[in-house]
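Visitor: As numbered in the numbering used here, the sequence shown has no gaps in its residue numbers, which increase by one up to the final residue, 210.
Warning: the hint list may mix true and false statements.
To be verified - With beta-carbon atoms standing in for the labels, derived distance ranges:
no., residue 1, residue 2, range
1, Arg166, Asp17, 43 to 49 Å
2, Thr79, Gly158, 22 to 28 Å
3, Ser65, Arg190, 21 to 27 Å
4, Pro168, Arg15, 43 to 49 Å
5, Arg129, Gly14, 41 to 47 Å
6, His61, Pro196, 15 to 21 Å
7, Pro196, Lys90, 25 to 31 Å
8, His61, Ala136, 32 to 38 Å
9, Gln75, Tyr185, 36 to 42 Å
Said to hold, decoys possible - With a straight-line Cα cutoff of 20 Å, these simulated SDA-like cross-link-like pairs (lysine to any residue) come out:
no., residue 1, residue 2
10, Lys202, Val170
11, Lys90, Asp154
12, Lys202, Ala112
13, Lys202, Thr176
14, Lys150, Lys132
15, Lys90, Thr79
16, Lys202, Tyr167
17, Lys150, Ser65
18, Lys132, Ser65
19, Lys202, Lys132
Bear in mind the hints are in silico, worked out from the structure with no lab data behind them. Note that this is a predicted model, so its numbers are computed, not measured. Cβ coordinates follow ideal geometry from the N, Cα and C atoms, glycine included.
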Amino acid sequence: MSASADASSPAPRGRRDERTAASRAQILDAAVACLVESGYAGATTLQIQARAGVSRGRLLHHFPSREQLLVAASQHLSTQRLRRNGERIKSLAGGLTGAERLDRAIELMWEAFSEPHFWAAVELWTAARTNKELRAALLVHEREIGAAIKGGLDRFYGPELVAHPRYPEVRDLLFTSMRGVGLAYALEHRDPSTDPHLPLWKQTARTLLT
């Protein structure tokens, strides 16, 4: 076979698949960044395309509509959130007492509500309130990711705390409370580690679970 024939032959399928996956991830990373920086209204396909550095044809090949792109971005976000939660779980030091592990788990849980990924998700949730197509697409996915997040939280707290009869209610109470408090940071920028709710969450959890 000649050198020219080698040069014109298509790349192996595995290599093409890798390039396709990399291109898709590049677009989704750009979509998440646009959601964080410019909000839902500013996360247009043109802005995302420019940030990703891809052609219009390439973007439309992966995502024919804006809704499909942003729902895929939500799924991409969820994967990143779960991976980050896994890293947090691994960071929990061994040898902690139940109360110490509880305090540290609450601190790590609260960190998730001050990250850029949280704000990208908020932008999508807010837009979905008045966008039926987006809401329908997000609803199924959010239920799935909700179950996965609860599983991650269970690993946060560990088997001893999870076995407590009040644990499911306390876990859900903390999660919804943190999400609500986190939304207040859209109006007031401050250090989340000094939030007055943090010691209150710890005290409440200790009272109910230890």
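Visitor: Determine for every hint whether it applies to the structure shown.
Guide: Comparing the hints with the structure gives:
One distance hint, 43 to 49 Å for the beta-carbon pair Arg166 and Asp17, holds here, with the actual separation near 48 Å. Checked against the hint of 22 to 28 Å, the pair Thr79 and Gly158 passes, with Cβ atoms roughly 24 Å apart. Here the CB-CB span from Ser65 to Arg190 is close to 38 Å, at odds with the stated 21 to 27 Å. Between Pro168 and Arg15 the beta carbons are some 47 Å apart, a value that agrees with the proposed interval 43 to 49 Å.
Remark: the range hint 41 to 47 Å for Arg129 to Gly14 is upheld by a beta-carbon distance near 42 Å. Remark: the range hint 15 to 21 Å for His61 to Pro196 is contradicted by a beta-carbon distance near 49 Å. Checked against the hint of 25 to 31 Å, the pair Pro196 and Lys90 passes, with Cβ atoms roughly 29 Å apart. Between His61 and Ala136 the C-beta distance comes to about 24 Å, which lies outside the given range of 32 to 38 Å.
For the pair Gln75 and Tyr185, the beta carbons lie near 24 Å from each other, so the given range of 36 to 42 Å is not met. Of the supplied pair hints, the one linking Lys202 and Val170 holds, its CA atoms being roughly 11 Å apart against a limit of 20 Å. With a CA separation close to 13 Å, the supplied pair Lys90 and Asp154 stays within the 20 Å bound. Pair hint Lys202 plus Ala112 holds up; C-alpha atoms about 16 Å apart against a cutoff of 20 Å.
Distance restraint check for Lys202 and Thr176: the Cα-Cα separation of roughly 15 Å lies within the 20 Å cut-off, and the hinted pair is therefore satisfied. Taking the CA atoms of Lys150 and Lys132, the gap is about 26 Å. The hint is violated against a cut of 20 Å. Of the pairs offered as hints, the one joining Lys90 and Thr79 holds, with about 17 Å between alpha carbons and a cut-off of 20 Å not exceeded. This hinted pair checks out: Lys202 and Tyr167 have alpha carbons roughly 14 Å apart, not beyond 20 Å.
For a cut-off of 20 Å, the pair hint linking Lys150 to Ser65 is broken: about 31 Å separates their Cα positions. This hinted pair checks out: Lys132 and Ser65 have alpha carbons roughly 15 Å apart, not beyond 20 Å. Under the criterion of a C-alpha separation no larger than 20 Å, the hint pairing Lys202 with Lys132 is inconsistent with the structure, at around 38 Å.
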